[in-house]
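Peer 1: Taking the hints into account, I'd like the entire structure generated from these sequences.
First residue of the sequence shown? That's 1152 in this note's numbering, and the numbers climb one at a time after it.
Derived by calculation from the structure, the hints in this document are not laboratory data.
Check each hint, because a few of them may be wrong.
As the list claims (entries may be wrong) - Pairwise CB distance ranges (calculated):
1) R1154 with A1211: 35 to 45 Å
2) V1276 with A1297: 28 to 38 Å
3) G1275 with G1424: 26 to 36 Å
4) G1420 with P1350: 16 to 26 Å
5) R1357 with P1332: 14 to 24 Å
6) A1170 with G1275: 48 to 58 Å
7) G1275 with R1203: 17 to 27 Å
8) A1291 with R1203: 15 to 25 Å
9) D1410 with A1328: 38 to 48 Å
Using N, Cα and C, we set each Cβ at its ideal position, and we do this for glycine too.
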Amino acid sequence: MSRMKLSLCNEVVAELPFARQCALAAELGYDGLEVAPFTFGDEPHLLSAEVRAGIRRAAADAGVRISGLHWLLVKPSGLSLTSPDPALRARTLEVLKRLVGLCAELEGEVLVHGSPAQRRLPEGVGAADARGWAIEALAAVGEAAARAGVVHCLEPLAPRETNFVTSVAEAAEIVQAIGNPALRTMIDCSAAGLAEAEPVADLIDRWLPTGLVAHIQVNDANRRGPGQGEQRFAPILAALARNRYRGWVAVEPFDYVPDGPGSAARAAGYLRGIEEALQWR
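Peer 2: Below is the structure:
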């Protein structure tokens, strides 16, 4: 029987040294860490070779993988794919390309492109141009991802967070138009629970067979960990198993109850319990 590849988003326990983050994740039953680059400083795209080697070593010593990267454009501050300033857009694209390289060097598999503020479209005049600039940049990042052997995932987010790509259907349309297998989309359970018309399990059944969905993040619509709200994750994991999903399942709460380590522990126990009951195959 295969095992669900469970990853913990590392900002949940960011108060700990990275080596301890890795060790704790392993102790709790996670297979990997999904890294938020900003947890390594203000210019994470410029990490030295020594720091990158230390990240790889810490994960290897703990027996976990770096599954990928997310929250890509928090640092450095002020980035935007939709700014009318071409120099700023170029800088943002360069940061993304360097993060693609970082992901590959850390032996990660996916990058999750959320970053709602850095892709927001202006209201009214200029929105169409800004959308075009963002899609052009995503195509370029997809090319970089293909060269690096990783997958860049455009993340649908709820409308309260951004006004560009707020459904899996919208993300899929962009991904299909670009036509690069290294650029795909993903499903975040919290965002989907807030924005999609159908239950998350049905969304999985509809989109996983298309091959356009390359990653899953699990969290409740209330922004707490899975199992700490009204969403039920047994149907979600059953849909993943039914569709023979073999990618990463990343735990990404935003409201840590009772605290970061406690939230991480509860989520792992809850999800592994469902996995055992389902006899995940």
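Peer 1: Are the hints correct? Go through all of them and say.
Peer 2: Hints and how they fare:
no., hint, verdict
1, R1154 with A1211: 35 to 45 Å, "violated (19 Å)"
2, V1276 with A1297: 28 to 38 Å, "holds (35 Å)"
3, G1275 with G1424: 26 to 36 Å, "violated (49 Å)"
4, G1420 with P1350: 16 to 26 Å, "holds (24 Å)"
5, R1357 with P1332: 14 to 24 Å, "holds (20 Å)"
6, A1170 with G1275: 48 to 58 Å, "holds (49 Å)"
7, G1275 with R1203: 17 to 27 Å, "violated (43 Å)"
8, A1291 with R1203: 15 to 25 Å, "holds (23 Å)"
9, D1410 with A1328: 38 to 48 Å, "holds (43 Å)"
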